[in-house]
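Participant: Counting in our numbering, the sequence shown runs from 1397 upward without gaps.
These are computed hints drawn from the structure, not numbers from a lab. Treat the hints with care, as some may be off.
[What the hints assert, rightly or not] Each pair of labels, with its calculated beta carbon distance range:
1) Pro1594 with Ala1537: 26 to 34 Å
2) Ala1432 with Asp1531: 45 to 53 Å
3) Pro1594 with Asn1462: 18 to 26 Å
4) Ala1492 with Arg1570: 28 to 36 Å
5) Ala1587 with Gln1440: 52 to 60 Å
6) Ala1573 with Pro1417: 32 to 40 Å
7) Arg1485 with Glu1439: 17 to 25 Å
8) Gly1488 with Arg1570: 26 to 34 Å
9) Glu1469 with Arg1556: 22 to 30 Å
10) Ala1591 with Ala1446: 31 to 39 Å
11) Ala1573 with Ile1642: 19 to 27 Å
12) Pro1594 with Gly1464: 53 to 61 Å
13) Gly1468 with Arg1580: 29 to 37 Å
14) Ala1432 with Glu1502: 22 to 30 Å
Every residue gets a Cβ at the ideal spot worked out from N, C-alpha and C, and that includes glycine.
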Amino acid sequence: MRPQRPHLFARPARSAPPAPPPPVPFSPAAVRAHRAALGLTPEQVAEGMAAHGVRLLPAHVLGWENGGPPPGEEEFLALARALWCPPERLMGVRPASLRDFRLARELSPDGAARRIGVPAGEYRRAEATGWWDGDAGPTAALAHVLGLTLRELVAATGRREELDRRLRRCVEGRWQAQAAAIVRIVPVDRADLDAVLPVLQEERQVPAHWGAGGWGPAEGAVAPSDAVVPPSGRFWELLARREPAIPV
1397 MRPQRPHLFA
1407 RPARSAPPAP
1417 PPPVPFSPAA
1427 VRAHRAALGL
1437 TPEQVAEGMA
1447 AHGVRLLPAH
1457 VLGWENGGPP
1467 PGEEEFLALA
1477 RALWCPPERL
1487 MGVRPASLRD
1497 FRLARELSPD
1507 GAARRIGVPA
1517 GEYRRAEATG
1527 WWDGDAGPTA
1537 ALAHVLGLTL
1547 RELVAATGRR
1557 EELDRRLRRC
1567 VEGRWQAQAA
1577 AIVRIVPVDR
1587 ADLDAVLPVL
1597 QEERQVPAHW
1607 GAGGWGPAEG
1617 AVAPSDAVVP
1627 PSGRFWELLA
1637 RREPAIPV
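Full structure from sequences and hints, please.
Facilitator: Right, here's the structure in full:
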């Protein structure tokens, strides 16, 4: 008998099914502004949405503009297309979750999964739980498909705390022991990581590097605590200088 292939992502234990996703981020003011700029009536917007497969009454458009219940995913994407604007402009805020970034790219869950190269069920689970535990390859593909920076990627995949913990271990002990785990969280060329982590460790262990108002040596300088300058902040600065393929 062939052994079963392990799941690509670790499944967090939970005693109850995940809560339904929150409403799509939505700005009524942005909808009104885009409709007015195009000189469209609510009836024309509804007709434009129908051309994209979503049929509803003009009253729905007015309801959204007046702060009523926001549209669902399909309605939201059809509305953005009818208004000839990127979906992100109708959100009113910067995307934060995997679902938000996916919508900003006008992708369905299954379409995103196909482009990333993972099973649709696994991707949907990652969106529902807010937790992604893929290896470096799929994680890099996720960032490229959804247009994420490395910082956004770490936050949207629920791995910020793990990264902080491993970076602290780097500066307190052997950075080499953490590199393989960190590259799964931050999918960059291993050479970039091997250049950044020893500098991070050295700066933490040599007080002369922690001058007031900068990162250069300063007489009498004392290394600040994590509460003042967490390792992750300096990690991102050092990594940005390497200009990785996925922007920091």
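Participant: Take the hints in turn and mark each one as holding or not.
Facilitator: Against the structure, the hints:
The hinted range of 26 to 34 Å is satisfied by Pro1594 and Ala1537, whose Cβ atoms lie roughly 28 Å apart. Between Ala1432 and Asp1531 the C-beta distance comes to about 47 Å, which sits within the given range of 45 to 53 Å. In this structure the hint that Pro1594 and Asn1462 lie 18 to 26 Å apart at CB is violated, the actual value being about 57 Å. Checked against the hint of 28 to 36 Å, the C-beta distance between Ala1492 and Arg1570 comes to roughly 34 Å, which is consistent with it.
The supplied range of 52 to 60 Å is met by Ala1587 and Gln1440, whose beta-carbon atoms lie about 54 Å from each other. Take Ala1573 and Pro1417: their Cβ atoms lie about 37 Å apart, and the range 32 to 40 Å holds. The given range of 17 to 25 Å is respected by Arg1485 and Glu1439, whose C-beta atoms sit roughly 22 Å from each other. As the Cβ distance of Gly1488 to Arg1570 is approximately 45 Å, the hint placing it in 26 to 34 Å is violated.
With their beta carbons about 26 Å apart, Glu1469 and Arg1556 fall inside the hinted range of 22 to 30 Å. Take Ala1591 and Ala1446: their Cβ atoms lie about 54 Å apart, and the range 31 to 39 Å is violated. Between Ala1573 and Ile1642 the beta carbons are some 24 Å apart, a value that agrees with the proposed interval 19 to 27 Å. Under the hint 53 to 61 Å, the C-beta atoms of Pro1594 and Gly1464, about 55 Å apart, fit the expected range.
Between Gly1468 and Arg1580 the beta carbons are some 34 Å apart, a value that agrees with the proposed interval 29 to 37 Å. A C-beta distance of roughly 23 Å is found between Ala1432 and Glu1502, which places it inside the suggested range of 22 to 30 Å.
Of the numbered hints stated above, those contradicted by the structure are hints 3, 8, 10, listed in ascending order.
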